[in-house]
Amino acid sequence: MKSRQEIFDIVRRSLIELFELEEPAVVPEARFDDDLEIDSIDAVDLVDHLSRIFERRVSPRDFRSVHTVNDLIDCIDRLQTQ
Amino acid sequence: MMRGRTDRLHAEASDYFASSESPAVTRTDYYWLRLVGTGLWFLVFGLVTFVLGFLVLPVIRLLTPERARRQRRSRAVLGAGMRGFLHGVSGLRLIEFEFIGREKLGRPGQLIVANHPTLIDVCYLLGFAPTASCVVKAGHFRNLITRGAVIGAGYIPNAPTEDMIHAAEAALRAGETLLMFPEGTRTVPGKPMAMQRGAANVALRAARVLTPVHISCEPSTLSKNLPWYRIPPSRPKWTLRVGEDIDLAAYRDAPLPIASRRLHADLAGLFAGANTVRD
Numbered sequence: 001m002k003s004r005q006e007i008f009d010i011v012r013r014s015l016i017e018l019f020e021l022e023e024p025a026v027v028p029e030a031r032f033d034d035d036l037e038i039d040s041i042d043a044v045d046l047v048d049h050l051s052r053i054f055e056r057r058v059s060p061r062d063f064r065s066v067h068t069v070n071d072l073i074d075c076i077d078r079l080q081t082q
Numbered sequence: 001m002m003r004g005r006t007d008r009l010h011a012e013a014s015d016y017f018a019s020s021e022s023p024a025v026t027r028t029d030y031y032w033l034r035l036v037g038t039g040l041w042f043l044v045f046g047l048v049t050f051v052l053g054f055l056v057l058p059v060i061r062l063l064t065p066e067r068a069r070r071q072r073r074s075r076a077v078l079g080a081g082m083r084g085f086l087h088g089v090s091g092l093r094l095i096e097f098e099f100i101g102r103e104k105l106g107r108p109g110q111l112i113v114a115n116h117p118t119l120i121d122v123c124y125l126l127g128f129a130p131t132a133s134c135v136v137k138a139g140h141f142r143n144l145i146t147r148g149a150v151i152g153a154g155y156i157p158n159a160p161t162e163d164m165i166h167a168a169e170a171a172l173r174a175g176e177t178l179l180m181f182p183e184g185t186r187t188v189p190g191k192p193m194a195m196q197r198g199a200a201n202v203a204l205r206a207a208r209v210l211t212p213v214h215i216s217c218e219p220s221t222l223s224k225n226l227p228w229y230r231i232p233p234s235r236p237k238w239t240l241r242v243g244e245d246i247d248l249a250a251y252r253d254a255p256l257p258i259a260s261r262r263l264h265a266d267l268a269g270l271f272a273g274a275n276t277v278r279d
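Just so you know, the protein sequences line up as chains A and B, in that order.
So for the first sequence, the numbering used here puts the first residue at 1; every next one is plus one.
So for the second sequence, the numbering used here puts the first residue at 1; every next one is plus one.
Read the hints as simulated data drawn from the structure, not as lab findings.
It cannot be assumed that every hint is accurate.
As the list claims (entries may be wrong) - Reference excerpt, derived from the structure (chain A facing chain B, CB under 10 Å, subset only):
1) Ile38
2) Asp39
3) Asp42
4) Asp45
5) Leu46
6) His49
Backbone N, C-alpha and C fix where the C-beta goes; we use that ideal spot for every residue, glycine too.
Model the full structure from these sequences, guided by the hints.
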């Protein structure tokens, strides 16, 4: 079990590494489509990357309602308790 | 919706008849015979697709319960159908074609990417590389006529994105050849090609080799927004040229999203030259 802060750190590191984003841009309120310019193909890459880190086969469908970084943290937090 | 379509058809029809009154272009190569011949061939092609999809492929499905074998057989039958269609129309001198380097297609784990100027591009590629799988419009899986064929052959629907990418990745990893049209849909002549990044992404995930095919058709015909009866003034000729393999190792150092953007940009540049079709 990881804390929300730990999850946020992993997500932020992944976003910076995968998409060459600047660290200050990755805040919990940032929207993937508008603020971070991450499209549906990027989302597949991100989900695959996070699945490997958290060692969980997650279906991209679990991420349907994810719009912001905060939504993603909620989603991962929920998945790790299942 | 319906009304918009009718208006468009009216506009096209009057455009068509107007153009026949002012013969700015000379119609050659037995224009009227070619027109009738083209209509007949479309009819035959539709009938054959129907018979394959409703009769031949379901019979193959019944006789071959094993998935890999069923796909191989279905693809062989569809490939033969497409090849037959092309030899038929070129034998009747309705079209001409030249396919340069086709022996380079069909290798295991090979991703083939091609530009998409005309309706029948897929017939050349799947007709002459019939072991290949293909990413096709998701709508073909709902269309009653094409449904049997695309399911039987184990082709991959292009939506939703995540399923398409994972299925394409799995096919390449299993050593299949895979065909993708990065544009997703036919190019409108004269307009620059809008490419989707999916092909570059799939290539970097799992392809052993990436091979581009440049397709051109002179004069332009069967392009997007043109009905079948708008045949060109002279007999159209397709030229398909298989390009050099693209070295993927050069891209794979970077994380996937960055690498796929680079490869995507390079592919767009590579096809930009080939896509100058005259309208």
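Please name the hints from earlier in the document that this structure breaks, with their numbers sorted from lowest to highest.
Violated hints: none; all satisfied.
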